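Chemist: What follows is the residue order along each chain.
4 protein chains.
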Amino acid sequence: MATRDQNLVDIRRDLHQYPEEGWKEFRTTALVAEELDDRGFTLHLGPNAVDPDERLGVPADDEIAAAVERARDLGAPERYLDQMDGITGLVAEKRYGDGPVVGIRVDMDALARQEAMDDDHRPARDGFASKHPGEMHACAHDGHTAIGLGIARELDDNGGFDGTLKLFFQPAEEGGRGGKPMSETDHLDDVDQMLALHLGLGEETGTVVAGYDRPLSNAKLDVTFHGEPAHAGGEPHAGKNAAQALGAAIQNLYAIPRHGDGKTRINVGQVHSNNAQNVISEEAELRVEVRGETASLNEYMLGKARNVIEHAAGMHECSHDESLYGKTTTFDCDESMVRAVADAAGDIDGVSTVKDRKEFGGSEDASYLIRQVQEQGGEATYIGVGASNPAGHHTAYFDIDEESLAVGVDVVCETLRAL
Amino acid sequence: MATRDQNLVDIRRDLHQYPEEGWKEFRTTALVAEELDDRGFTLHLGPNAVDPDERLGVPADDEIAAAVERARDLGAPERYLDQMDGITGLVAEKRYGDGPVVGIRVDMDALARQEAMDDDHRPARDGFASKHPGEMHACAHDGHTAIGLGIARELDDNGGFDGTLKLFFQPAEEGGRGGKPMSETDHLDDVDQMLALHLGLGEETGTVVAGYDRPLSNAKLDVTFHGEPAHAGGEPHAGKNAAQALGAAIQNLYAIPRHGDGKTRINVGQVHSNNAQNVISEEAELRVEVRGETASLNEYMLGKARNVIEHAAGMHECSHDESLYGKTTTFDCDESMVRAVADAAGDIDGVSTVKDRKEFGGSEDASYLIRQVQEQGGEATYIGVGASNPAGHHTAYFDIDEESLAVGVDVVCETLRAL
Amino acid sequence: MATRDQNLVDIRRDLHQYPEEGWKEFRTTALVAEELDDRGFTLHLGPNAVDPDERLGVPADDEIAAAVERARDLGAPERYLDQMDGITGLVAEKRYGDGPVVGIRVDMDALARQEAMDDDHRPARDGFASKHPGEMHACAHDGHTAIGLGIARELDDNGGFDGTLKLFFQPAEEGGRGGKPMSETDHLDDVDQMLALHLGLGEETGTVVAGYDRPLSNAKLDVTFHGEPAHAGGEPHAGKNAAQALGAAIQNLYAIPRHGDGKTRINVGQVHSNNAQNVISEEAELRVEVRGETASLNEYMLGKARNVIEHAAGMHECSHDESLYGKTTTFDCDESMVRAVADAAGDIDGVSTVKDRKEFGGSEDASYLIRQVQEQGGEATYIGVGASNPAGHHTAYFDIDEESLAVGVDVVCETLRAL
Amino acid sequence: MATRDQNLVDIRRDLHQYPEEGWKEFRTTALVAEELDDRGFTLHLGPNAVDPDERLGVPADDEIAAAVERARDLGAPERYLDQMDGITGLVAEKRYGDGPVVGIRVDMDALARQEAMDDDHRPARDGFASKHPGEMHACAHDGHTAIGLGIARELDDNGGFDGTLKLFFQPAEEGGRGGKPMSETDHLDDVDQMLALHLGLGEETGTVVAGYDRPLSNAKLDVTFHGEPAHAGGEPHAGKNAAQALGAAIQNLYAIPRHGDGKTRINVGQVHSNNAQNVISEEAELRVEVRGETASLNEYMLGKARNVIEHAAGMHECSHDESLYGKTTTFDCDESMVRAVADAAGDIDGVSTVKDRKEFGGSEDASYLIRQVQEQGGEATYIGVGASNPAGHHTAYFDIDEESLAVGVDVVCETLRAL
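Chains as they are written, first to last, in my numbering: chain L, 1 to 419; chain X, 1 to 419; chain U, 1 to 419; chain G, 1 to 419.
Heads up, some of the hints might be wrong.
[Stated by the list, open to error] So the derived label-pair ranges between C-beta atoms look like this:
#, chain 1, residue 1, chain 2, residue 2, range
1, G, Glu63, U, Asn307, 36 to 42 Å
2, U, Asp261, L, Asp38, 46 to 52 Å
3, G, Glu63, X, Arg357, 53 to 59 Å
4, G, Ala238, U, Ala391, 39 to 45 Å
[Unchecked claim] In silico lysine to aspartate or glutamate, EDC-like type, Cα no more than 20 Å apart, as pairs:
#, chain 1, residue 1, chain 2, residue 2
5, X, Lys131, X, Asp10
6, U, Lys358, X, Glu235
7, U, Lys358, U, Asp213
8, X, Lys131, X, Glu69
9, X, Lys131, X, Asp14
10, G, Lys131, G, Asp10
11, L, Lys94, L, Asp156
12, L, Lys358, G, Glu235
13, U, Lys94, U, Glu35
14, X, Lys358, G, Asp261
15, L, Lys355, L, Asp334
16, G, Lys94, G, Asp186
17, L, Lys358, L, Asp213
18, X, Lys358, U, Glu235
19, G, Lys358, L, Glu235
20, L, Lys358, U, Asp261
21, X, Lys131, X, Asp119
22, G, Lys358, X, Asp261
23, L, Lys131, L, Asp119
24, U, Lys94, U, Asp189
25, U, Lys358, L, Asp261
26, X, Lys355, X, Asp332
The set of hints was computed from the structure by calculation and includes no laboratory data. Everything numeric in this text was worked out from a predicted model, so none of it was measured. Note that CB positions come from ideal geometry on N, CA and C, so glycine has one too.
Make a model of the complete structure from these sequences and hints.
Modeler: Put into structure tokens, the structure is as follows:
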């Protein structure tokens, strides 16, 4: 934990080696908090950064405890771990002038996947691949966190800007689990402008997209069917077959009618049932995701999915549990902010192409923060910073061109100075 | 209508030309009634032969009316049509001695199928094929009715037997629709022995099976899913898709778990949905049949099927109607009766082979009459009379060897005389 | 057949009383041909108007023969019926000047549905409802044909325009069955501009839409699964169950994955299987429709649907037949033509609102004629003429405000004169 | 490894503490081999006891290697481990007289399940519960192995019998994986009588069932569907969805038609697909079991299941692998042997009830050994020895009344002496 002496690339590589999945970003949060504390930022940690009751897809208590312990073992300062009280996330603010309050949102969490460990993968070749088996920064959030810190450094070391800087280091973006609980605090109440950003997204280094619009609204459901076991040879009639409920659910979920008003999506990502072959399946789990081009199309899909699941259970005389694992909404960037970013980006060394707007394609839970600011009369945009990724997001060989880190910092700082 | 002057073969051929589907046997009933009336039998017709409220799978009123009209046009005497009052079926009884009351049950209805009309088919070749398009005696009930009349003639012309003869001319055996309503009357209350019989069933002429056991219990459900139409191109989300309910129902009906206690069956025989291709299906019908080796296995299947149907509807936000189209139960023949029939059959000219017992295989709604008699302490058997059928039951080329008619009459009369 | 003395409203009402489904428009074609023949148009009838081998969804021979006979009985002149030789459709052309060849396409076919016959429905109230049970002009093609004739009259009686008029009276638009075979002839080779039009489409009388863009590409498949029957009680294993193939097909057709590039649609409009309940289903039919926002998305859906159907058959050991019932493609109107129509419409009495462009929503097989003209360098648009419909297209109470007929004629004629 | 000094109960408890799953019974095999070697039996170990190429459901090489290593660590003699060469199983024979060669088959493998570890469970309470997490003797094979050794001791210590004793210590009975490879060796060629036995099966201690007939033939398939991943939001069309293949497979497997000739069974015991929720499923696994009352009914189910799986894959454009995990057949016990066992059992202390024959219900791969002997003219029976199990077979609280061990030894030895 000596990040204050590291440059952005080193910080990103440090974070890359110690990836932490959603709601487990204790070391990451503490590392950021320590430097911003030193720089005189006001800190709001854990339960003061997110509304604990609004958290989605929270791991089991023992997993959380193990993640805290792991962070402690890796040198995360006790005082920040204490303040977090088992909940990750950080809002840090500092006033430099009388101008607007500008929020910057970056995410910090890693993915549950094993990183490639062969020499075709630069992090492995250069010795900074993940040291946490089964966890990996495969969506550039390590870079985002480094950029968040880089923005604080750049402004703090160079006289700030005419306004207040409010940094949102958001936990649990993957799955859409941390954005809503962060948006439900009062930290957004005075935010006039909000910027969020993402590295990569298929763009080359040197390209800046000044506004990504209309991410798909998204919801994720975890479902368990509960049946009753029975010997499949002797008493097939005596069971209540959770695997049959599962089969009926999969078939009919994908068959939810398309919607005339716009894009909808459905997917069943995980499926598990664990009985022996000669026992009627007692329990079966599935993890479902729906999306819609608008929040209401997403609700349409979520309602239909829940109905299918309920009747798939009933059809095979099973009961079922379901819980919302994550959820995001959608937004359109404000033209004024898009223009501001595009103008600022045009003046930056290392930026060769500026694109005004693109359609998002995927889903993002920055959407909750952005909409909240927009609904109270503020403005926002979601910036893309090209990073020449050698492999797709969420894959084992994902990496970023680290030149993009400085571009990300500069685009945001120039925009702030120009506002 | 001059059957009294006809021999059994002529009667059978007359009936064969004018087949009447279940609950439409007005001409058939009237023809039998006329002769038995002349012979001094006490007649119970239509609503006095079956419990009207217990009828299953009754055609629409206008179809019934058309069937009455057709019978009238074909010369059925008005006085019997009047007594029937729109309901077919006849119980006819005559007392010959102080001995037991013996019930004989024969069925009268034809099938909804077109008879073959080419020269490979004897009824066509010899000019007595069906004159009613789409209706055919393809299960030998024309022969059964002739045998019923033949038994009355044989006994009546030859001094009867020491007991009371009670003839049950049952309507609507196909589908299992007429047996239960006939068994729910009080005509069975005093029956001591019950005999039912069937021609054919895969046996050659000259073979008699003294007892067919354990027909499968059976139930038939008519189901309609009600959805809402919508334009499939513009508003696919606005419909409630009855065809999807249908698809989910079919898939899951066949997947009803097998039962550890014995044979079960499921079938979806008819399926209809009639929308244009560009409209979400508003209505879909299916006709389902379940069976079980025992009455309770049949109930198991019926309960499961209803549950699947309910949830297939709910899964696609449709409502549904369902009605029981027909139902049968099961029985075991009484050994004493099997013995009596076997002994009698052994003495008859034209009988070359006597088999004691066989498993039934199919379903039969004589089951309700047989069980009713057995439950009140009586005895029963279900007799098979070989008829060297040139083609399978229910097919367009089905026919019987008419030599079997006399065998059927003789087996029953000899049994009665020996009881 | 005295249409030459009738005004447009009378012609429309005459056609409305004698609706003819697709490929059965013998009277309609003959009626139009007779007048245009008198006016000196060059006629191309039936096999000279459409490529016979490219026809889709053609009724059975005996149905065609019956339709010819019906037209003859209604007074359709023998000489035109002869020329048609069992195939409907007409291309009629007349040269008025040296300018461009302008094609006008109108459709003539009715729908297979019963018209409302009560007094809430004006055609019934005023005595011009359909005299053909089960057939109805419920999509305004009667009006379209009248307008086609009206355009010929208006131009012919008033000096024509500087160019050649080529009228395409297309059969079998419903289902997308007649457009492609008409586009495969050489009649389009010299067409410089193409206009098609539709009454209604949700617009009030007085509104003109100068260009409808991007109808959904569409394909319709007729599928029959062939299995093998067996007794569902005795030998359930011996059948090959076409109803199960049907169930698997329905479930998996609706579950064809959505496409990331744009709208797709799937529907199963008709389903039939006709066995008795106690027989494993020998044959099952379904009628499927797919759509895509582009021709390639339509092909995606069609390919996926065919694969589902093939494996649904294979899964239940059935074979299957499939045939394309109809197909349409998509287009964008040319801006120059949209402008020309909008400008012309602005000057017409009875037009109160002009809309430049709208999205089509549904599907149209004028698409084949329009694309063909565009691909050879010509220009085209698809015009909407408001008609204040009291009920939705394709419903039993559909009607048009007949004021719209004159508007339709005028918009086209003014556009031609201004070109 | 000091079993020679232990009594049967101690041996059973020793085995119970060190349960080894199928094909991992290295310690168990070595322990038995050591004592029988000392007693002068001729040993055939591992590749000499089973045909290596016929083994089914063999664990991965590294799992086998770990099991060997574990056995070595627990003191299994190196010389037997060497002879096994990675394959478990033992045939041991000794000639005592000129009479018949009698085969005794016992199984040795444990189940993959965690044993209950609380005081309600006697093995836990008395300190002999499983020391191998996730493995448990929950089907009494520890007792069977002990009985096998007990039979050898009893005969060997008391002058043998007039014939040759051939003991088959079979590996991998669970799943039906070891019986067939053992039956494919030549060890059965000279066997005149074959006895197999099972403890428990719902009978109280003191009850002996002289012949269990007609176990269900059984086959187990392991199936993996291989699709292609794609982002479920951006490119749902680009994937090939293994989870959809899975859903279609489950629905249609359970819907395999029942068979008119007798009992059939189908079950899907395990299902797995592991993608993130936002990725189209790349791979999905299922473990299927079919059964039939006869070998040919089992083949019917297996063929149908394979067809469903193939087309479920094809329907969703996936490929698939499948492998047979295990297989059993069926048999009827020979009356002569049943009589011999029943007579012998009647004379034994501790036997209070002798039942001649029962229906098996479940499946058994001793079936391959028994049929092989019967087909070459020998005789066989499958004996049940009551053991008052406190909980069902295969459950966490399964245990046996150890009094049953002596009964098992005595029934077999008395039968041999009487043959």
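Chemist: Taking 20 Å as the top limit, are the C-alpha atoms of Lys131 of chain L and Asp119 of chain L close enough?
Modeler: holds, 16 Å
Chemist: Assess, step by step, whether the Cα of Lys355 of chain X is no farther than 20 Å from the Cα of Asp332 of chain X, and give holds or violated.
Modeler: holds, 16 Å
Chemist: Going straight from one Cα to the other, do Lys358 of chain G and Glu235 of chain L come out at no more than 20 Å?
Modeler: Measuring from Cα to Cα gives roughly 17 Å; hence the hint holds.
Chemist: Can the suggested window of 39 to 45 Å be confirmed for the beta-carbon pair Ala238 of chain G and Ala391 of chain U?
Modeler: For Ala238 of chain G and Ala391 of chain U the Cβ distance comes to about 42 Å; the hint holds.
Chemist: Quickly compare the C-alpha distance for Lys355 of chain L and Asp334 of chain L to 20 Å and report which way the hint goes.
Modeler: holds, 15 Å
Chemist: What's the verdict on Lys358 of chain L and Asp261 of chain U, does the C-alpha distance respect the 20 Å limit or exceed it?
Modeler: Given pair Lys358 of chain L, Asp261 of chain U holds - Cα atoms ~15 Å apart, limit 20 Å.
Chemist: Measure nothing beyond the straight line between the CA atoms of Lys358 of chain U and Asp261 of chain L; if it is 20 Å or shorter, mark the hint as holding.
Modeler: holds, 15 Å
Chemist: Check whether the Cα positions of Lys358 of chain L and Glu235 of chain G lie no farther apart than 20 Å.
Modeler: Status holds; Cα separation ~17 Å.
Chemist: May I ask you to test the hint 46 to 52 Å on the CB atoms belonging to Asp261 of chain U and Asp38 of chain L?
Modeler: For Asp261 of chain U and Asp38 of chain L the Cβ distance comes to about 50 Å; the hint holds.
Chemist: Going straight from one Cα to the other, do Lys131 of chain X and Asp10 of chain X come out at no more than 20 Å?
Modeler: holds, 16 Å
Chemist: For the pair we were handed, Lys131 of chain X and Glu69 of chain X, check the Cα-Cα distance against 20 Å.
Modeler: holds, 15 Å
Chemist: Could you grab the alpha-carbon distance between Lys358 of chain X and Glu235 of chain U and see if it respects the 20 Å cut-off?
Modeler: holds, 17 Å
Checked against the numbered hints above, the structure violates none of them.
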